[in-house]
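Sequences and hints are given; from them, build the entire structure.
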Amino acid sequence: MKNDEIIDDVSGFAMPSASKFDVFKLFSLKNRTIVITGSAQGIGRVAAIACGKAGGNIAITDKDLKAANKLEIELKDAGINAKSWQLDVIFENKIIEVFENISSHFGSLDVLINNAGTAHRNPAEEMKTEDFENIIKLNLTSSFICCRTAYKYMIKNNKGSIINISSIMGVTGGGPAPNSPYHASKGAIVNLTRSLANEWGEKGIRVNSIGPTYTKTRLIKDLNANKDKLEHIIDRTPLKRLAEVSEMAGGILFLASDASSIVTGHTLMLDGGWSAI
Numbered sequence: 001m002k003n004d005e006i007i008d009d010v011s012g013f014a015m016p017s018a019s020k021f022d023v024f025k026l027f028s029l030k031n032r033t034i035v036i037t038g039s040a041q042g043i044g045r046v047a048a049i050a051c052g053k054a055g056g057n058i059a060i061t062d063k064d065l066k067a068a069n070k071l072e073i074e075l076k077d078a079g080i081n082a083k084s085w086q087l088d089v090i091f092e093n094k095i096i097e098v099f100e101n102i103s104s105h106f107g108s109l110d111v112l113i114n115n116a117g118t119a120h121r122n123p124a125e126e127m128k129t130e131d132f133e134n135i136i137k138l139n140l141t142s143s144f145i146c147c148r149t150a151y152k153y154m155i156k157n158n159k160g161s162i163i164n165i166s167s168i169m170g171v172t173g174g175g176p177a178p179n180s181p182y183h184a185s186k187g188a189i190v191n192l193t194r195s196l197a198n199e200w201g202e203k204g205i206r207v208n209s210i211g212p213t214y215t216k217t218r219l220i221k222d223l224n225a226n227k228d229k230l231e232h233i234i235d236r237t238p239l240k241r242l243a244e245v246s247e248m249a250g251g252i253l254f255l256a257s258d259a260s261s262i263v264t265g266h267t268l269m270l271d272g273g274w275s276a277i
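Residue numbers for the sequence shown follow the numbering used here, so the first one is 1 and each next one is one higher.
Careful: at least some of the hints might be erroneous.
Below, in silico cross-link-like pairs of lysine to any residue (SDA-like), each with a Cα-Cα straight-line distance of 25 Å or less [what the hints assert, rightly or not]:
#, residue 1, residue 2
1, Lys-221, Arg-194
2, Lys-159, Thr-149
3, Lys-221, Pro-178
4, Lys-156, Lys-229
5, Lys-63, Thr-149
6, Lys-152, Gly-79
7, Lys-203, Val-263
8, Lys-229, Val-263
9, Lys-203, Ser-180
10, Lys-94, Ala-119
11, Lys-66, Lys-2
Restraint ranges, calculated between C-beta atoms of paired labels, are given here [said to hold, decoys possible]:
#, residue 1, residue 2, range
12, Phe-13, Ile-136, 39 to 49 Å
13, Arg-121, Gly-201, 14 to 24 Å
14, Glu-126, Asp-22, 52 to 62 Å
15, Ser-104, Ser-28, 23 to 33 Å
16, Ala-225, Ile-6, 22 to 32 Å
17, Glu-97, Asn-226, 23 to 33 Å
18, Glu-199, Ala-225, 38 to 48 Å
19, Gly-204, Ile-136, 43 to 53 Å
20, Lys-152, Asn-31, 15 to 25 Å
21, Ala-225, Ser-104, 25 to 35 Å
22, Glu-74, Ser-275, 28 to 38 Å
To be clear, the hints were calculated from the coordinates, so they are not data collected in a lab.
No residue lacks a Cβ here, since even glycine has one placed at the ideal position from N, Cα and C.
Below is the structure:
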């Protein structure tokens, strides 16, 4: 029994003690190293800030080294232990090299957030095979390689948390713009998450994903310029608005921390109700 628990008189099981149970400790990432791909902007940037504010050591990785270095300075100014690395996740050898450097620098690799990705909006009948394959490689294959590489370090402690980034497009086939390779890659992320959760659960490694709705990042910049499509998205969403990028922080922190210690193989929809329709 833990020191913040008591024994329930009826069930005989340990229960939280009202006077000692620290709910905020559940969300702490103190002494843990969080690797975030594509973390210089958008959801990755918010993840870096949130996990850093929760006490984590933040490994910023992005193919834009200048932007990564800028975020490193910002995090350090906020009292967060952070370091940046240049990483283009389409190169497997660079993933292996950078993850090894991160582990050596911080002493561990405890949480992986697979954020790097992109979209290519073209009608399927006009989609070039090369463009389709490039999206699959970046959004899906690279995420798998990052997971497999992170496993090497997490297994040392029989504990770890992996968060993949899926999308509302990973669980639905529709949308205001044709986006078949993005749909395919994000749908595959949902099942990759389930598969790895089943394989690695007994080893203490949890694998989950989040499914964001249309979020105010550069990924939807072209949609933002199209009033009709934007109105369609908002009307289709039960909350009747786009998501703020900061609204991704809570779900990511939950899945990264011990607050979700019983959760694995799950895709947490951060979608304003989109998937409820």
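query = Any of the earlier hints contradicted here, and which numbers?
reply = Of the numbered hints given earlier, those the structure breaks are 1, 4, 6, 8, 9, 11, 13, 16, 17, 19 and 21, listed in rising order.
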